Every structure is written in C-alpha cells, then in structure tokens.
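Novice: In this text, residue positions in the sequence shown follow my numbering: the first is 713, and each later residue adds one.
Any given hint could be a false lead.
Claimed, not checked - The calculated BS3-like cross-link candidates involving lysine-lysine, where the alpha carbons are at most 27 angstroms apart (straight line), are:
(1) Lys925 x Lys852
(2) Lys755 x Lys1403
(3) Lys716 x Lys1608
(4) Lys1522 x Lys1435
(5) Lys1608 x Lys1435
(6) Lys1435 x Lys1531
(7) Lys1308 x Lys1318
(8) Lys747 x Lys735
(9) Lys1522 x Lys1498
(10) Lys1403 x Lys1522
(11) Lys1112 x Lys1308
Hints listed in this document are in silico derivations from the structure and should not be mistaken for laboratory results.
Just so we're clear, the structure is a prediction, and the values are computed from it rather than from any experiment.
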Amino acid sequence: MEYKDTLLMPKTDFPMRGNLPNKEPEWQAKWEEEKLYEKIQEKNAGRPTYILHDGPPYANGELHMGHALNKTIKDIIVRYKSMAGFSSPYVPGWDTHGLPIETAIAKKGVKRKEMSIAEFRKLCAEYAMTQVDGQRTGFKRLGINGDWENPYITLLPEYEAEQIKVFGEMAKKGYIYKGKKPVYWSPSSESALAEAEIEYQDKKSASIFVAFKVTDGKGVLDEGTNIVIWTTTPWTIPANMGITVNPDLDYVVIESAGEKYVVAEALLPSLREKLGFEDATVVKTVRGSELDRVVTKHPFYDRDSLVMNGEHATAEAGTGAVHTAPGHGEDDFLIGKKYDLEVLAPLDDRGVFTEEAPGFEGVFYDTANKMVTEKLEEVGALLKMEFITHSYPHDWRTKKPVIFRATAQWFASIDAFRDDLLAAVKGVNWTPAWGETRLFNMVRDRGDWVISRQRAWGVPLPIFYAENGEAIITDETINHISELFREHGSNVWFERDVKDLLPAGFTHPGSPNGEFTKETDIMDVWFDSGSSHQAVLNARPELSRPADLYMEGSDQYRGWFNSSLTTAVAITGEAPYRNVLSHGFALDGEGRKMSKSLGNTLLPGKVIKQLGADIVRLWVASVDYQADVRVSDEILKQVSEVYRKIRNTMRFLLGNINDFHPTTNAVSYENLREVDKYMMIKLNDLVKNVKDSYEAFEFSTIYHQINNFCTVELSQFYMDFAKDVVYIEAADSHDRRAMQTVFYEAVVTLTKLLAPILPHTTEEVWNSLIGEGVESIHLQDLPEVKVLADSEEITAKWDAFMQIRDNVQKALEFARNEKLIGKSMLAKVTLYVDGEAKTLFDSLEGDFAQLFIVSDFELVEGLENAPESAFKSNQVAVQITVAEGETCERCRVVKKDVGVNPKHPTLCGRCADIVVKHYEA
713 MEYKDTLLMP KTDFPMRGNL PNKEPEWQAK WEEEKLYEKI QEKNAGRPTY ILHDGPPYAN
773 GELHMGHALN KTIKDIIVRY KSMAGFSSPY VPGWDTHGLP IETAIAKKGV KRKEMSIAEF
833 RKLCAEYAMT QVDGQRTGFK RLGINGDWEN PYITLLPEYE AEQIKVFGEM AKKGYIYKGK
893 KPVYWSPSSE SALAEAEIEY QDKKSASIFV AFKVTDGKGV LDEGTNIVIW TTTPWTIPAN
953 MGITVNPDLD YVVIESAGEK YVVAEALLPS LREKLGFEDA TVVKTVRGSE LDRVVTKHPF
1013 YDRDSLVMNG EHATAEAGTG AVHTAPGHGE DDFLIGKKYD LEVLAPLDDR GVFTEEAPGF
1073 EGVFYDTANK MVTEKLEEVG ALLKMEFITH SYPHDWRTKK PVIFRATAQW FASIDAFRDD
1133 LLAAVKGVNW TPAWGETRLF NMVRDRGDWV ISRQRAWGVP LPIFYAENGE AIITDETINH
1193 ISELFREHGS NVWFERDVKD LLPAGFTHPG SPNGEFTKET DIMDVWFDSG SSHQAVLNAR
1253 PELSRPADLY MEGSDQYRGW FNSSLTTAVA ITGEAPYRNV LSHGFALDGE GRKMSKSLGN
1313 TLLPGKVIKQ LGADIVRLWV ASVDYQADVR VSDEILKQVS EVYRKIRNTM RFLLGNINDF
1373 HPTTNAVSYE NLREVDKYMM IKLNDLVKNV KDSYEAFEFS TIYHQINNFC TVELSQFYMD
1433 FAKDVVYIEA ADSHDRRAMQ TVFYEAVVTL TKLLAPILPH TTEEVWNSLI GEGVESIHLQ
1493 DLPEVKVLAD SEEITAKWDA FMQIRDNVQK ALEFARNEKL IGKSMLAKVT LYVDGEAKTL
1553 FDSLEGDFAQ LFIVSDFELV EGLENAPESA FKSNQVAVQI TVAEGETCER CRVVKKDVGV
1613 NPKHPTLCGR CADIVVKHYE A
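Start from the sequences and build out the full structure, keeping to the hints where you can.
Specialist: This is the structure:
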C-alpha cells in the first residue's frame, strides 16, 4: 500500500495562475450572451432603488487611468448596491459636443470654412460616435456592468430635446438674459468661456507703472500732478477709461525731480526704491474719497480718464490706484457702469486689435504689450517696467492664456436664485466633507454664468429675434423646437430657414412684417451635461431624480456638480443629487501628473493586456481615492502580489472542499470545535466590517481587511494547522468535516464580498464551487451578519491564545535560526505560563501541538520554572527542544507510538487506525 494514496490531498479545477488577460474576455462574452445586466435588474425588481448617475466622460481619445479609476469606483458601488438589497440600474453616458471634437476634425484636414455648418456638424457627430464606441469597448473590457446598449449621449435627439426644455424653463423664470460685460475670452478657441473652463498656470508678464497727468484736480490736486497706476496687462492701456482709488485709504502727493506723483501712503516705502523716489518729499496727504471724479488724461489718446472710488482698490500691491478698463475686467466693468463709462474692448474674436485702438490695429494683443510700453516710454508716461511670473487664467482645452473681453453674450443669472443654490448645497451629503465648503464657496462667489459660445459643434441656443431686435423665448417656441430636435436632432437648426423652425402661423408684435432671425451661438457644453438630470434621470423610466449619488473627480466641483446643481435648482428648486462623492487624480509612481511629454503615462488598455482588468480594479480598491492616487508598474506589481495571495487562498479552500457537500456534510455551528467557531466568528466580523466599509465607500479598508483575513487568520493560522486534519483524518471524521464547513463558509463569503471588486475572479471561483447551482455570483446577495452564540467569550479567549501563539512562533523561528530544529514539526514546545495563562489554556479546547504545528506540547505552570535558555515574554516562556520519537511516514508528525501496529511499522497510532478502518480491504 502507498500511504500517500490514503491522504486526502486538495483537488480543484481552479488554477493557481489567473491568466486574466485571456480568461476575462470569455467571462464577459458569457455575461453578454446570457444578458447578465438584464437578469440583475429582473432579480432586483421591486426592491428600493439606488441610482448612481454617471457623469459623462468626454468622447475624445483613449481611456487613461483616470477613466479606469472613475468607472471602477462607480462599478464597485453599483455592484455592491445590487447585492445589498437594492435595484441599482447603471446607465453610462457620454459628453459629445465642444471644441476638442472640432479641433480633432480640423486635424484630419477638414476645412470648416469650405462647408456649411450643418455639414461640418455631421462630421463632428460621426467622429464623436466613433469615440463613444472606442471608449465603450474599453469600459466593458474593464468589467464595468451597465446598460451599454442604451447609454445616454448628449448629441442624441432625445437628449437635446430635454436640454431645450431646461433652457426654456430657466428663461420662463427670468434667469436667462443677454448682456454685454467682460467674460473670459479665449482667442485660441475664438469663444467665450465659463469659469469651469479656466485653469491657472504660471505666466511671465510685463509689470509696468504708468503716470496719468491730472487735467482737473477738483481743487484737491494741482493740474499736471501724476496719478501712478500699476498693471501686468500693458495691452489693456488702449482701453483705459479711468482710475480707481479706495475712498477709505490715505494717498500722498509726493514731489520728486520737479514732478508731483500720487500713490497710496501705505505703499510709499516700497515704491521709493522701485520708482526712484528715494529723495521724494511728501507734499500733502488726501483721502481717496477726496479724489473722486478728479480728471486725468489718457497717456497717448486724446480722451479723459476719470478717477473713481471703488472698494477693489487696495494697498496690498501696486500703487493703490487701479488702472480701469471696463471692457477688460469684471471690477472695472462694475465701477465703470456706476460712473457711466464707455465699455471699450477694441479686440476681435482672435484677440487682434481693431480700429478702436489707433496705432495698434491688426496686432495680436500679446504682441502689442511691447508696442504699448514703447509708446508709453515715448510720451514719458512709463515710470518703470519689470517682468514678473504670476498665476494667470488659461483655456483648459488649448492651454493658452485667456483674456477678459466685454462682448454681447447670453447669461444665466446666478444672483436671481443664489440663496436657493446655497440652501441646496447644505442639503446634500458630501464625501469628503470638504466638498460642501468647496462648492458652497464657489456658488457664493461666482458671477453670472455665460452660457453662449461662438462655436459650431453644440446645442444651438433656441432663440429667435424679431425685426426690432427683441429676443423671442416663449413656451410655444421652446416646445416646438424641443419636438423638432427630438424628431430631427439639433442640426435641423442649421439646415432649415427661420420660418421653417418657427411654429406654423407664429406672429410677434416686434415683427410686423413677419420677418425673424435666429441665434447662431451654441450653449456652453456644461449646460449640456448639466441638463442630464432632466434628460436622463427624469426621462428614463428605470431612473429617478434626484439621484442617490453623483461620483466624479474633484475637478467637477467647478464643472458637472456645479452646472447640474445650477440647472436643477433653477427648474425644480432642489439639488439633482442626495449624495456627492469625489475622487482625486491618477498620478505616476512619483506623484507627478501623467503626460506624454514626461513619458510617464500608463494606459489601462495596456495594463489589462499584461495583467488583467481585475488587477486594475484591485488597484482602485487599494488606494485612498478621495485624495490623488499613484499608479506605476511597481505599484501594480505589489497589487498583483496581493491578488496572488487572495487567489491562492481561494484555491486552497476550494481544493479542500472537493469532497464536501454543504447539504449533507456541513457541521452545525453548535457542534463545531471551539477553534472552528472562532474562525466563523472572525468571518462574521469580516462580513460586518466589509459591508460597513462598502456603505461608507471605503474600498481601501475592504482591500486591507480581506487581505489581512486571508493572510493572517487563514494562511498563517487556520489553513496552516488544518493540513494535519483535512489531509490526514478520515474523510467523514467530525474534525475534518468541521473544518471543511468553515472552509466552505469562508470561500462562499469571501467570493460574495469580493464580487463587486473582482467580478471575473469571483465568477471563476463561484463556477468551481460544488453544490452551488446558481449561474452567476453577481445574481447573489451579500452575506448577512449572523448572531453567533458566545461570540464575545470565544473571541476573547482565542484572541488571547493567538497572542501567546505569536510568542511560540517567534521562539520556533529563533530555534530554527540557531539550527536547533529544521521544520517546526520536529519540535516539542514546553510552555511555562503564569496563573492567568494557565486558566486560559485550561478553558480552551484543542490539540495544542496541532495548533502550534509541532509534534509535542507540554504546559508547565510557573514562569519561575522556565530554564534560562527559554524564550521569554510577559505572560509566558517558551522552551523549544527536539521532539522524541520517530517521524510518521503518513502524517510527518514525530510520535513515540510509531510502529505500535506491527502491520504498519512506519505509522503512528492515529494513522494506523485510519488506514486499517478506511483503506484496508
């Protein structure tokens, strides 16, 4: 007889190597064929809903790790909710309008000026849909489960129709108006920009101090006195209409080299050196309020520049006197409006000076900086020029500087319902908590929203104009356009004449001759995505508004969170979301932003081909995503190692329950040994902790909890000593079936708990389980937290035992290093304990030699009895010696009774009994 044939070794078809890049597509094909997403919805029909509304990624370009982070977090949440008693449909979306697609089309050689707008827009739509298809394939390969056949796409007619309704409702409430005021203008995009489209980068600028000569001092200043201003935008001097001083600041008139100058008193010390005023004497001091309406002359144009009082003039920098060009700054515009100044912005859409700036016509504004300073120097008005590097607004798409430029634009008034917006922010639950403060402050401080864009690819503003110039936005026109867009798409606006866009027989008092024109601007793309609560949540029967969760990157406080809140509060009076969760950015291993120029980009598609989607997903679960996260080959290697540990744990568990059937072989909890109960309690604790962590969106906690459970509780303890039971004992022995019961519960529980994070691997585990007739793990519910008898008492005892076991392990390791023993199975452990530990051991049930994975064990009361050579800790002393006896050929334990059965001279008594009873014919 071969004794090895009597061992019950693990058997499983679950392989050690995941081979994820090849296996995952097979599972995905099976899920698609079996319509798993639809089955999940059917299973959860009638349950309470949990709606995570997908913020639409922009349909342009390859997926990056930020996409993977974002979509995987969403998928983990939706999968968790779908297994936690909720109906949680997931409708993915795409944002498809805007400049990047126009630019991409232009790069393909398409000449926009040589075709109609409608033809150009068709090319944009075709390109956008190819991008949607490409990204959809990438998201599906990542294992994202959703309604991929019916996503929402902002260019689809049904979406645009609902967006028009949002606009119409806001107009009806008086929130939409047309006005001329300075807005962020991007010469590189030839369009106005919203605040959400601005990012700040460092820029080198000329810093100049300029003298404006007083022509009417109002009895306060002498004629010819110079009021000194400071600016970092010399190109705006041609548009100067005034100077602003603070009414509550003191200003000094100083005399230097025969000239008089006016600056803020508080800034004089710093200006003496900077402007060469070291020898200057103070002639007089005046309050800013006294300088109100003093008149100066523009340095090189024949026009006045009025001195005004404004709070925005401060003594923090410059001179305390602010150069004011109402056409090129918000504060300038507001003070200019108060003093009835002309709003001059002498630039065209490309940022080139017009005839309104004599001497600079046809010159790009940035190029004109040098020309303006030369002109100022020529007329003797330039006191000082130097260069500074400062933070300056840039177009977030083109990365080029933007300017403030007054143009006629359509706006959504924020002032009109700002209090409602702020109240709505307060009513939402924010994770992280600072999100509330961030959005609250943005809403509190933001100006009105410029919603018009001078581009082709977008949803047209549904506005008609009467013969007298009056804008027409009525329920009748809005409803008509909405239905036209629903039937034909928004391109109909550019394909048809105005008369064919208006309702039949439409008349208006402003058009006695029945002539009308239409707006040519399109809407800001943030209005597109910001209308998704109406076009998706409200429009689709399986969804509802408000959503339970909006979850996006932290840049969306200024973007989608903001625009969605604005449009929703405007038309419904409440926020479109109950909860908002945000994540940070994906950086490289050194914490740098990923970019092609740095060569540090890591693409999820490439990682999936090498390691598999489940590794990317496990990385997402491993990071504290609420801050910026790092990813690199080295980090993914570490994650892969954790994956390997989890997989090998699953394989061990599966292999050792190959002959176990839960209906016939399971041992009830009350009949388990105490150590088995302890593991069931630990597993139950894991269920509670993991479910709590899912509920709090704390996936990195789950990652560590499960990794710790697999590594410490299972691999280093329970599974380790289990080999002496599940391999050695008879198949139906109580101890073996008890441990198999725990193994089975552990693999079922771990598989369910991990399913939202590792959908492919858990499906593979589930497929290998015996006695589970259900087709997919993803149609299961998460395990419930159980009430287990005596759990506190058992946990307290066995936790204390585990601490002592740690000391025994250290002593064994020390003995190995000293070459006293080889494997621990050659050792005898003599444990010297104090009274408390003796009481503990007396109360415990178990084979302690087996639990310590040694061949012999002796317990001695009295720490004082321990020899000097013993390994000592606070409660115990451990003496390691070589076990007496011979090694059993079958169980490899050193026993004194080896050969007790003469028919089996190489076996110990236990093994001889098992072989005789179960394996001898």
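Novice: For each hint, tell me whether it holds in the structure or not.
Specialist: Okay, the hints, checked on the actual structure:
For the hint linking lysine 925 to lysine 852, the alpha-carbon distance of about 69 angstroms lies beyond 27 angstroms, and the restraint is violated. The hinted pair formed by lysine 755 and lysine 1403 meets the criterion: a straight-line CA distance of about 20 angstroms does not exceed 27 angstroms. Distance hint between lysine 716 and lysine 1608 is fulfilled; the C-alpha atoms sit about 21 angstroms from each other, no more than 27 angstroms. Taking the CA atoms of lysine 1522 and lysine 1435, the gap is near 21 angstroms; set against the 27 angstroms cutoff, the hint holds.
Annotation: proposed proximity of lysine 1608 to lysine 1435 holds, straight-line Cα distance about 21 angstroms (limit 27 angstroms). For the hint linking lysine 1435 to lysine 1531, the alpha-carbon distance of about 25 angstroms falls within 27 angstroms, and the restraint holds. For the proposed pair lysine 1308 and lysine 1318, the alpha carbon gap of about 15 angstroms is at most 27 angstroms, so the pair holds. A threshold of 27 angstroms between alpha carbons decides the hint, and for lysine 747 with lysine 735 the separation of about 19 angstroms falls inside it, so the pair holds.
Only pairs whose Cα atoms come within 27 angstroms are accepted, and lysine 1522 paired with lysine 1498 is rejected, the gap being roughly 35 angstroms. Taking the CA atoms of lysine 1403 and lysine 1522, the gap is near 34 angstroms; set against the 27 angstroms cutoff, the hint is violated. Pair hint lysine 1112 plus lysine 1308 holds up; C-alpha atoms about 18 angstroms apart against a cutoff of 27 angstroms.
Comparing the model with each numbered hint stated earlier shows that hints 1, 9 and 10 do not hold.
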